[in-house]
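**Student:** This is what each chain is made of:
2 protein chains.
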Amino acid sequence: MNLKEIKPRLLMGPGPSDVDPRVLEAMSRPTIGHLDPQFLSVLNEIRDMLQQVFQTNNRLTLAVSGSGSAGMETCVVNLIEPADEMLVCINGVFGQRMKDVAERAGAEVTAIERPWGEVFTADEVAVALQEQGPFKVVGIVHAETSTGAAQPIAPISEVVHQSGALLLVDTVTSLAGMEVDVDGWQIDACYSGTQKCLSCPPGLAPVTFSPAAVKAIDERKAKVQSWYLDVTMVRAYWSAERLYHHTAPINMNYALHEALRIVLEEGLEARWQRHALHHRGLKAGLEAIGVRHLADPNHQLPMLNAVAAPEGVDEAEVRKRLLDEFNIEIGAGLGQFKGKAWRIGLMGESATERHVTSVLTALETVLVERGILRETGRAVAAAREVYSS
Amino acid sequence: MNLKEIKPRLLMGPGPSDVDPRVLEAMSRPTIGHLDPQFLSVLNEIRDMLQQVFQTNNRLTLAVSGSGSAGMETCVVNLIEPADEMLVCINGVFGQRMKDVAERAGAEVTAIERPWGEVFTADEVAVALQEQGPFKVVGIVHAETSTGAAQPIAPISEVVHQSGALLLVDTVTSLAGMEVDVDGWQIDACYSGTQKCLSCPPGLAPVTFSPAAVKAIDERKAKVQSWYLDVTMVRAYWSAERLYHHTAPINMNYALHEALRIVLEEGLEARWQRHALHHRGLKAGLEAIGVRHLADPNHQLPMLNAVAAPEGVDEAEVRKRLLDEFNIEIGAGLGQFKGKAWRIGLMGESATERHVTSVLTALETVLVERGILRETGRAVAAAREVYSS
Chain A
1 MNLKEIKPRL LMGPGPSDVD PRVLEAMSRP TIGHLDPQFL SVLNEIRDML QQVFQTNNRL
61 TLAVSGSGSA GMETCVVNLI EPADEMLVCI NGVFGQRMKD VAERAGAEVT AIERPWGEVF
121 TADEVAVALQ EQGPFKVVGI VHAETSTGAA QPIAPISEVV HQSGALLLVD TVTSLAGMEV
181 DVDGWQIDAC YSGTQKCLSC PPGLAPVTFS PAAVKAIDER KAKVQSWYLD VTMVRAYWSA
241 ERLYHHTAPI NMNYALHEAL RIVLEEGLEA RWQRHALHHR GLKAGLEAIG VRHLADPNHQ
301 LPMLNAVAAP EGVDEAEVRK RLLDEFNIEI GAGLGQFKGK AWRIGLMGES ATERHVTSVL
361 TALETVLVER GILRETGRAV AAAREVYSS
Chain B
1 MNLKEIKPRL LMGPGPSDVD PRVLEAMSRP TIGHLDPQFL SVLNEIRDML QQVFQTNNRL
61 TLAVSGSGSA GMETCVVNLI EPADEMLVCI NGVFGQRMKD VAERAGAEVT AIERPWGEVF
121 TADEVAVALQ EQGPFKVVGI VHAETSTGAA QPIAPISEVV HQSGALLLVD TVTSLAGMEV
181 DVDGWQIDAC YSGTQKCLSC PPGLAPVTFS PAAVKAIDER KAKVQSWYLD VTMVRAYWSA
241 ERLYHHTAPI NMNYALHEAL RIVLEEGLEA RWQRHALHHR GLKAGLEAIG VRHLADPNHQ
301 LPMLNAVAAP EGVDEAEVRK RLLDEFNIEI GAGLGQFKGK AWRIGLMGES ATERHVTSVL
361 TALETVLVER GILRETGRAV AAAREVYSS
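Chains as they are written, first to last, in the working numbering: chain A, 1 to 389; chain B, 1 to 389.
Hints in this document: simulated from the structure, not taken from any laboratory. There may be inaccurate statements among the hints.
Copies of the same chain look alike in the list, so a pair counts if it works inside one copy or between any two.
[Stated by the list, open to error] Think about it this way: if two alpha-carbon atoms lie no more than 27 Å apart in a straight line, the pair counts; the simulated DSSO-like pairs of lysine-lysine are:
| hint | residue 1 | residue 2 |
| --- | --- | --- |
| 1 | K338 | K223 |
| 2 | K215 | K136 |
| 3 | K221 | K320 |
| 4 | K136 | K223 |
| 5 | K215 | K320 |
| 6 | K215 | K338 |
| 7 | K320 | K340 |
| 8 | K4 | K320 |
| 9 | K215 | K7 |
| 10 | K136 | K338 |
| 11 | K340 | K4 |
| 12 | K320 | K338 |
| 13 | K136 | K340 |
| 14 | K320 | K136 |
In isolation and in its complexed conformation, chain A is listed as follows (with noise of 0.2 Å):
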């Protein structure tokens, strides 16, 4: 393969989302060493910027070296001790996988489930804490990348800190995409990911943890079982200790920090309304040709719309001939949506009205050619009348 023959494509699935040229240009920068001032005051920022775009003055706020997932598994396991009990709110794959981290990590975990595409009320997670708890920790996924669902975080802090747990949130597709408020939601661990909504390569998980959970972290009993994800020790490289844990990914840093600036240059509330916007030109697109959203109507993401593909449709075949002819590219569904899901992204740099129009136009096309739809048009119509609204 010669990379300089990689075509590229309309990134529009679950992520990774496209990616500024910016950005791709300061990843290209020349690597320099992971204790040189110049890179830790690349870091330095990096942090700084991610504290704006988690709204927390969490001093313990950084890039966990690995993707999204990992950024999971550092908040479970510096929170975790063996034999910690840990409720996981799951309606999706995500809350899954969480629970899956949690489990391996050693802690008693108790789940409570909810239908695919909807989302939990304060009052289900104060049942459980009540009858079920207490727990040292609760984990909830804010924007469940496997169904588009949108979890409400504030009621659910609520009840949570009054029971005296700590909040675990992850925030890898809503984070920049959506309002993320880690102090005034007062979530005390959250995770996100790089190529979703901060439209930047994947390869680093911003995390973020307050002093409580901090404190959490301080009193532990056992070292953390994950030496590579430890942030006691990866704390003492981010602060002014500098002490040398693991060579951090500069290329990937110098990549996160111009696409932080990015962000901040756009400014979070008007880059929520630009994700809302598109959303809307989408959904009124799909809605016109008859393709629904599976996430309930009052909590859908902005950024991922998990829609179901129309009977009698080979979506793998749709999705196929997306890439292949439009190059444009939608997600599969996973787990109960699989075979019967697309997920489309509106993440970051996707979210525009040329992606919008763009992948209206494909579906429609293909779906006229499948005999589903007997005419193309209808879709982007439907769309731009949301924009010129």
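Start from chain A and add chain B according to the hints.
**Tutor:** Same frame as chain A, but now just chain B:
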């Protein structure tokens, strides 16, 4: 920090090493999806090239999405189940780290030690195997980056396999800079890093597992404690199944692909000889000014030269001057050697005559100013003699 203003350095520490512009250019190619057939071709080619560089036919050969330490943890946590017996050979920081990682994985660790800078004989390991065994896994470091010692692996492998144990070897610093023969030496699990003699930015950890190691993994009773590093799942993504596990670092894999192509274009033998040559050049130069290597003279790594800082010299201040005034990065001593040693790397693109003469010139200049040497020129002259002979 404006990334465009980052001053390039001559990277002559313990890694990262200098990166070929071709690799930086590859890394800045458009990000595509982790399930895009184009990217899957890239992964297949990475596996094929890693097999060549590791000199193995092991099918389970891949790049872990983390630094070299993540590679170490991957090997340990996949082979070890709670209460498994493991022997770790320690003669520097990275052997110690392996013990720590193994204990966190629940292993019953027996450690044998050699003074820093020395290596283990097969007899010493055989005695430990006999008197303190049996062990499921024996871990040892091929290239101890903290001391510059090169551990012969083949004789150790023989006694380890006679005992029925699996052999786990750290080749983070050696791979592609000196002979590493995974199949010939019958290594069962082996990990490396990208930022040493592969001359790729840090962020990925090549690993390979022998059929015997795979069997041990397949026969595990407990789940691998790390979800992120669980090769039973990661391999399903790297295999024809292409099951989604985590989002691979796309652009980092581009970089590794190009770095491996460069390694194989040069040829492994030629590359090892180049590292050996510049090691001789550097060593001759340093000896000419009385700076001595710390590792056993019969077991010195070519690519990592740990040397004693001359008496009366503030080693940190010299490193700082090399960095600030000469744009040359060399490494500090670690652990027992902290404050007493420099670690001069000649890895991959940093193993050239220009690097050798540049660091010698810079060191001489600073040592003359400090009154340690009377005049400059002797070190470079001694190095040049090696090159002209």
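**Student:** Can you tell me if K4 and K320 fall within 27 Å by alpha carbon in one copy, between copies, both or neither?
**Tutor:** Classified as within: same-chain Cα gap 22 Å, cross-chain 39 Å, threshold 27 Å.
**Student:** Can you tell me if K215 and K136 fall within 27 Å by alpha carbon in one copy, between copies, both or neither?
**Tutor:** within (13 Å within a copy, 37 Å between copies)
**Student:** How would you label the pair K215, K338 (within, between, both, or neither) given a Cα cut-off of 27 Å?
**Tutor:** Neither way: K215 and K338 sit 41 Å apart in one copy and 31 Å across, limit 27 Å.
**Student:** Could you place K136 and K338 in one of the four classes (within, between, both, neither) given a Cα distance threshold of 27 Å?
**Tutor:** Intra 34 Å, inter 40 Å, cutoff 27 Å: neither.
**Student:** Is it within, between, both or neither when you check K136 against K223 at 27 Å Cα-Cα?
**Tutor:** both (17 Å within a copy, 23 Å between copies)
**Student:** Check K221 against K320 for me: Cα-Cα at most 27 Å, and say if that holds within a copy, between copies, both or neither.
**Tutor:** So K221 and K320 fail the 27 Å test inside a copy (51 Å) and across (39 Å) alike.
**Student:** Treating 27 Å as the Cα threshold, decide for K215 and K7: within, between, both or neither.
**Tutor:** neither (48 Å within a copy, 39 Å between copies)
**Student:** Could you figure out if K320 and K136 sit no more than 27 Å apart (CA to CA) within one copy, between two copies, both or neither?
**Tutor:** neither (45 Å within a copy, 46 Å between copies)
**Student:** Is it within a copy, between copies, both, or neither that the alpha carbon of K320 lies no farther than 27 Å from that of K338?
**Tutor:** within (15 Å within a copy, 56 Å between copies)
**Student:** At most 27 Å between alpha carbons: which applies to K338 and K223, within, between, both or neither?
**Tutor:** between (38 Å within a copy, 25 Å between copies)
**Student:** Are the CA atoms of K136 and K340 at most 27 Å apart within a copy, between copies, both, or neither?
**Tutor:** Cα proximity of K136 and K340: none, with 37 Å in one copy and 45 Å across.
**Student:** How would you classify K215 and K320 at a CA-CA limit of 27 Å: within, between, both, or neither?
**Tutor:** Neither. Shortest intra-copy (49 Å) and inter-copy (36 Å) distances fail the 27 Å Cα cut-off.
Checked against the numbered hints above, the structure violates hints 3, 5, 6, 9, 10, 11, 13, 14; every other hint is satisfied.
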